[in-house]
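Visitor: Got chain V sorted already, so can you dock chain F onto it with the hints?
Chain order of the listed sequences is V and F. Be aware that the first sequence starts at 1, since it is given in the working numbering, and climbs by one per residue. Be aware that the second sequence starts at 1, since it is given in the working numbering, and climbs by one per residue.
Fair warning: there could be bad hints in the mix.
Said to hold, decoys possible - Partial chain F-side listing against chain V, Cβ under 7 Å, derived:
hint, residue
1, Thr-110
2, Gly-115
3, Ser-246
Claimed, not checked - Subject to a maximum C-alpha distance of 20 Å in a straight line, what follows is the list of computed PhoX-like cross-link-like pairs (lysine-lysine):
hint, chain 1, residue 1, chain 2, residue 2
4, F, Lys-191, F, Lys-164
5, F, Lys-322, F, Lys-73
6, V, Lys-101, F, Lys-384
7, F, Lys-368, F, Lys-352
8, F, Lys-240, F, Lys-187
9, F, Lys-279, F, Lys-160
10, F, Lys-415, F, Lys-381
11, F, Lys-129, F, Lys-322
12, V, Lys-101, F, Lys-415
13, V, Lys-101, F, Lys-409
14, F, Lys-381, V, Lys-101
15, F, Lys-55, F, Lys-73
Because the hints were derived from the structure by calculation, they are not lab data. Backbone N, C-alpha and C fix where the C-beta goes; we use that ideal spot for every residue, glycine too.
Now for the letters of each chain:
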Amino acid sequence: MNDTKQSSDRRSAHDRSGAATAAPSPALARARSRPTSQLGVPPGGAWGRAAWGFLAPVTLYLILFYAYPLYRNLDLSLRNYTVRSFVQGDAPFTGLENYQKVLDDPTFAPALLHTVVFTAVCLVFQYAIGLALAVFFNQHFRLSATLRALFLVPWLLPLIVSASTWSWMLNSDSGIVNAALHTVGIDPVNWLTSPSWSLASVIIANIWIGVPFNLVVLYSGLQSIPGSLYEAAALDGANAWQRFWRITFPLLRPVSAITLLLGLVYTLKVFDIIWIMTKGGPADSSTTFATWSYQLGFGNLLPAFGPGAAVGNLLVVAALVFGLIYVRVQRKQALS
Amino acid sequence: MHSTSRRRRPTAAALTVLAVAVSATACSSGSGGSASKDADSGTYTIWDPYPQFAKGSAWTKLLDQCGTEAGVKIKRTGFDTSDLSNKTLLAAQQGNSPDVLIVDNPVVSTLAEAGVLTTTDDNKLDTSKADPNLLAAGQSGGKTYGTPIGANTLALYYNKDVLKAAGVDVASVKDWKSLTAALEKVKKAGKKGITFSAIGTEEGSFQFLPWFWGSGAQLTDLDSAESVSALSLWKGWLDKGYAPNSVINNTQTTSWQEFASGDYAFAENGTWQLANAGKAGFDYGVLPIPGADGGNAAAPTGGEFVTIPVQDDAGRYATSQKLVTCLTSTANLYDTDTTLSYVAPTSEVQDKQVAANAELKPWVEAVKAAKGRTSDDLGTKYPKISEQMWKAVQSALSGADSPKNALAKAQSAVK
Chain V
1 MNDTKQSSDR RSAHDRSGAA TAAPSPALAR ARSRPTSQLG VPPGGAWGRA AWGFLAPVTL
61 YLILFYAYPL YRNLDLSLRN YTVRSFVQGD APFTGLENYQ KVLDDPTFAP ALLHTVVFTA
121 VCLVFQYAIG LALAVFFNQH FRLSATLRAL FLVPWLLPLI VSASTWSWML NSDSGIVNAA
181 LHTVGIDPVN WLTSPSWSLA SVIIANIWIG VPFNLVVLYS GLQSIPGSLY EAAALDGANA
241 WQRFWRITFP LLRPVSAITL LLGLVYTLKV FDIIWIMTKG GPADSSTTFA TWSYQLGFGN
301 LLPAFGPGAA VGNLLVVAAL VFGLIYVRVQ RKQALS
Chain F
1 MHSTSRRRRP TAAALTVLAV AVSATACSSG SGGSASKDAD SGTYTIWDPY PQFAKGSAWT
61 KLLDQCGTEA GVKIKRTGFD TSDLSNKTLL AAQQGNSPDV LIVDNPVVST LAEAGVLTTT
121 DDNKLDTSKA DPNLLAAGQS GGKTYGTPIG ANTLALYYNK DVLKAAGVDV ASVKDWKSLT
181 AALEKVKKAG KKGITFSAIG TEEGSFQFLP WFWGSGAQLT DLDSAESVSA LSLWKGWLDK
241 GYAPNSVINN TQTTSWQEFA SGDYAFAENG TWQLANAGKA GFDYGVLPIP GADGGNAAAP
301 TGGEFVTIPV QDDAGRYATS QKLVTCLTST ANLYDTDTTL SYVAPTSEVQ DKQVAANAEL
361 KPWVEAVKAA KGRTSDDLGT KYPKISEQMW KAVQSALSGA DSPKNALAKA QSAVK
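Same shape as in the complex, but just chain V:
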């Protein structure tokens, strides 16, 4: 910033001396309005080169670590890879055959259903609980900072620790949850080993893990709502419920949108928790696209890279679609 100012000052000084007869102030204004870049040189050959110089690192980074892997994954999904052709690198191009195979697989429909249910239920509960806690902690009572910090624990724990702990707690025979149910006279539930409960179990664990993220983002969103609005509303006689629905919720909408989008992308790809707790089972009852993709590519002694990559790409597309919806909604909001 400093450089820009110096160089434009330099140029305006030059202008002033060159056009001595002209009134100094318009010349100065004209000089200031002339486009100059941050580099202090006018647009042109050197400017372009320098710009590319600055762009190069990030461009290379994007190509090497984003574009190329995505391309490779797409390529994997369009070829018929066996272990042999994977090593030799001569897998024949088969077009959309892998996708066809994945669509025809009896696992596809349940996996799709589980992915949708898992993502939707997790998002709703994570957001609702996160928002409720954020509003609660926004009251700034004593110990609120300490308690808020405690709520962050699930977020700070390594996933393998929290998922393993959940699977111990939900163990059918020796888990603490069934022991607790027993003391209140409820029959034990086969949380992880019954096809009707396994999905619910991983959803519960994932909600617990996702709440802190929602809490933190929504809490910081609440900080940006001016207190004067609440004061005015209180003077107008609005009760707490009205203040929440008329002020907090609408003003939090942009923050909510990004929280939900990030939550969606994160939840769509959740793999570790499910894999550690149930391995997607029993009998595919908690298989989502993420675990299915891993199962195909790595969960067997004989990897099926092609179909595995195809399922992974379906996930990427799903996340992309929601990302585009978000961008569109945001643009509409900005225009209105």
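Guide: The following block gives chain F in isolation, referenced to the frame of chain V:
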């Protein structure tokens, strides 16, 4: 003043150069490995699935010692066993295979199919001393792709105290019927019957196989009446409460922890738990897994093979062969298999092991009766069959399907 803008441009140029340099190193890192290997041909790489052995352990010392005998330096990397097959496939794709690879036996046929491994015809490895039933897991299409370094298998551990309290004479357990009767008695005495691992991975198939084979079923025919009877046996145990519901999610380690709690009469587990069994704090015994109508069921073999992956430079095989021969020499096998708590793959070393530790006797017998999962020339068909098998076991035990339907679905999915 002029200098400000001029100084900027070199900075930009420097940044560009830096970026190009960074990307250049990033691109070349793939081939860097093999380039350095060629330049430094005195270094041989060994990959093994024993990450528990750190630098300075007996295992790494043995590797270094074998390297010294062959006149080369050893660069060893230990991988998690579930990672190793994919790592090897990737390395082979990049032309970066290790010189010597120690890998879980059912993976050998997959790697052989991928063209990653040399045959004993190429590498001149002598496999004549290894037991044929163990060696079979590394054979496919009439070729042998390595030599076993050690073997383990499954048997039934039993808790003598629990059986005594329940009034069960372990000698009466001879077939499935008498075993189920024993479990019933144990349950009546207020103790827990049996624990095993029926998890939805290769481990689940591994544990189910002794019962599957013990019924007389064949892996090529998953929905046979014998196969259904084996799965119904497990399902019946769960329904009657002889086995805990948690077996559906048990790994072999968690299943062992259940047994080590001292409440269970029986546990299906492997040779590798022997050391832990001594620490469990109760009197235990080991029993071969019975077949449906008596006799001992064939259990699947576990344990690793030492293989020599394909290299661009065929001249390296001679030294690799020396290294493998050293690792699998009688004296070294004895030490290695003692550390790993494995049964040796050759009769000579087995005798030595039993002489030193009589507890190994039932295990040596079990290994001699055991069968490789990829044997019978199943090769790469085995992984597909196995996946459907563990799915069927999970479906039946969790109640999602009857044993008969689950196995019928499995068989149709394999085809």
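Visitor: Run every hint past the structure and note whether it holds.
Guide: Against the structure, the hints come out as follows:
The beta carbon of Thr-110/F is positioned within 7 Å of a beta carbon in chain V (closest approach about 5 Å), and the interface hint is therefore held. Against a cut-off of 7 Å between C-beta atoms, the interface hint on Gly-115/F holds, since the closest Cβ of chain V lies about 6 Å away. At its closest, the beta carbon of Ser-246/F sits 5 Å from a beta carbon of chain V; the interface hint therefore holds under the 7 Å criterion. This hinted pair checks out: Lys-191/F and Lys-164/F have alpha carbons roughly 11 Å apart, not beyond 20 Å.
At roughly 13 Å between alpha-carbon atoms, Lys-322/F and Lys-73/F fall within 20 Å of each other, so this suggested pair holds. Note on Lys-101/V and Lys-384/F: the hinted pairing holds, with a Cα-Cα distance of about 16 Å set against a maximum of 20 Å. Straight-line distance between C-alpha atoms of Lys-368/F and Lys-352/F comes to about 15 Å, which keeps the hinted pair within the 20 Å bound. At most 20 Å may separate the alpha-carbon atoms for a hinted pair to count; Lys-240/F and Lys-187/F meet this at roughly 9 Å.
For the hint linking Lys-279/F to Lys-160/F, the alpha-carbon distance of about 15 Å falls within 20 Å, and the restraint holds. Between the alpha carbons of Lys-415/F and Lys-381/F the distance comes to roughly 10 Å, so the proposed pair stays at or under 20 Å and holds. For the proposed pair Lys-129/F and Lys-322/F, the alpha carbon gap of about 16 Å is at most 20 Å, so the pair holds. At most 20 Å may separate the alpha-carbon atoms for a hinted pair to count; Lys-101/V and Lys-415/F meet this at roughly 14 Å.
Between Lys-101/V and Lys-409/F, the direct Cα distance comes to roughly 18 Å. Compliance with the 20 Å bound is thereby established for this hinted pair. Between the alpha carbons of Lys-381/F and Lys-101/V the distance comes to roughly 19 Å, so the proposed pair stays at or under 20 Å and holds. At most 20 Å may separate the alpha-carbon atoms for a hinted pair to count; Lys-55/F and Lys-73/F meet this at roughly 15 Å.
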